[in-house]
Amino acid sequence: MAKRREDLLASLGRFSEPALCILISLADSPKHGYAMTLDIEAVSGQKLGPGTLYGAIARLEARKWIEPLPPEDRRRPYRLTTAGEKVLRHRLQSLQALARVGRARLAEA
Amino acid sequence: MIAQRLLPLFPRAWRERYGEEFLATVGHDSLRMQQVIDIVSGAIDAWFSTDVRHATASSPAEPSGGGPMTLKYLTACDRNQARYTKRDGLIGSGVMLVATSIFVVVGIAARRAGWSVTGDVLMSLAFPGSLTLSMPFWLMKGQPWRAQMVIVGGTLSLLIAIGYLATLI
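Just so you know, the sequences run in chain order A and B. Position 86, counted from 1, in the first sequence is what my numbering calls 86; the numbers after and before it change by one each time, with no gaps. Plus 109 on top of the position in the second sequence (first one is 1) and you've got my numbering.
Check each hint, because a few of them may be wrong.
To be verified - Just so you have them, the derived chain A footprint on chain B, three or more residues with Cβ under 8 Å:
#: 1; region: 125-132
#: 2; region: 155-166
#: 3; region: 241-247
To be verified - From the structure, some residues in chain B lie toward chain A, with a derived Cβ separation under 8 Å:
#: 4; residue: 135
#: 5; residue: 143
#: 6; residue: 144
#: 7; residue: 229
Keep in mind the hints are simulated off the structure, nothing from the lab. Since this is a predicted model, take the numbers as computed values, not measurements. The C-beta atom is built at its ideal place from N, Cα and C for all residues, glycine as well.
Work out the full structure: start from the sequences and follow the hints.
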């Protein structure tokens, strides 16, 4: 099942990395697009372009990994769903395992 | 504001669903060329991505799970699948082959008739022109016919213009 969830995230193609950043950004609280952009830039140093941001949001929404909340002014916040949280957890575990192997191999070299 | 001018590039359903928040998000920054390119590629993606169409097909007033039954059925059936079938792909390939042959044959005939520039342009269109002409049969299947006309017509016009310019160099 874990493998299946990772594959689902990878199935987003070039949007998989921006989608991961969005899921991480929404992990602590709901955010609208602009707040996500700022948060992702602060956390990863990567500034998502508006086209990429909304391409990833649409894909996450279509898969019901995030869901929109009622709009505040012109902005619509999004929150992580239970399914999205599971996908994020599995992806982070996988990345953690990968980082552990990488660090161990660097230490050996 | 550049973002407002770029917004019509997106499909109407996308604009209705994300337009307001998109402008609110972009509105804080002056757009750099990189962002403009990102928005244009986002617009192209919005036209062709099944996921984006699914997301924009649901009403913004319904946060989750509120779409009509047909949409739910289509979403369940169509997720992670290409919008075109193997048959569409074969038809598209057939159109490409026929169009390529026509471009080449007519191009050679034009050259022999002394219209070397027209012949060169037609020959240069053999691949990109036939690919563009085949798109409505597979890649753009299901898109509104107006969008298909604009994209195919616009691309062909651009290719012809580039072909003529190339002959002047």
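Hints violated by the structure (numbers, ascending): 3, 7
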